[in-house]
Amino acid sequence: MQKVHYFLFVILPFSVVSLAQLKPIQYKDGNQVLNGFNIQPKSKSKQKPGILILPAWRGIDKLSKDTAENLAKLGYFAFIADIYGEGNYPKDNSEAGKIAGYYKTNILEYQKRISLALEQLNLSGANPDNIVVIGYCFGGTGALEAARARLNIKGVVSFHGGLGRDAKRTIEAINAKVLVCHGADDPYVSGAEISAFQQEMRDTKADWQMIYYANAVHSFTNPEAGTDNAKGAAYNEMADKRSWEHFKLFLNEVLIKHFN
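In the working numbering, the protein residues as written are 1 to 260.
You can trust all of the hints, since none of them are fake.
Straight line, CA to CA, 35 Å or less: simulated DSBU-like cross-link-like pairs of lysine-lysine:
#1 Lys104 - Lys168
#2 Lys154 - Lys248
#3 Lys177 - Lys241
#4 Lys73 - Lys231
#5 Lys65 - Lys104
#6 Lys177 - Lys248
#7 Lys62 - Lys154
Treat the hints as calculated values from the structure; they're not laboratory data.
Based on the provided sequences and hints, a complete structural model is requested.
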């Protein structure tokens, strides 16, 4: 009698079979413990570029994690920076404003935390000479500070970030390419701040772009911000999608691709 063979096929959810998963990484600034996350693309060639993600003022959130996962799917190494450190995470917006304000005032400390996170991205396997720094809101301010600090990066992207800098600071040449994705109706960034930023870009002879999105206010990439523009911070699906496409075009332009 001929034997009959039966085969059982099990379909697992994508989250189970996906090789690109966020991994918590603990590192330090002196005695201060920092808790970031890294993620590696399916193919882990060390020639692949990396993206450093600087979160908004509440610290590492769903938006920064989703961004890291999406970047891994596109073939990039990614690392989410912990700027505040263990024991210093804000419990609400009021605390977040105070802590973020501290780093905006003590800019060298902010730049140092960014630099330490960049080291972790490089250690994860990304090509250290092929890096872009991006940030949201407070993190967008940080992305610009990474350019001002002249870190070893190809470019920076600020999504609805603060643009200001202390006028007393020395203006130095900016070598990294700059992309600013800005809500046209953002009430938290004044016209004077925009003008000063654009003049800074001209004075530093930077290669820069600033794209405005209609009907968009602060936090336009964050679905958790709600949709009420009257609050000053709200999600805008069209602006979110458009800024992501502009971001990908920017990456294709500034990074050397080694996706073989």
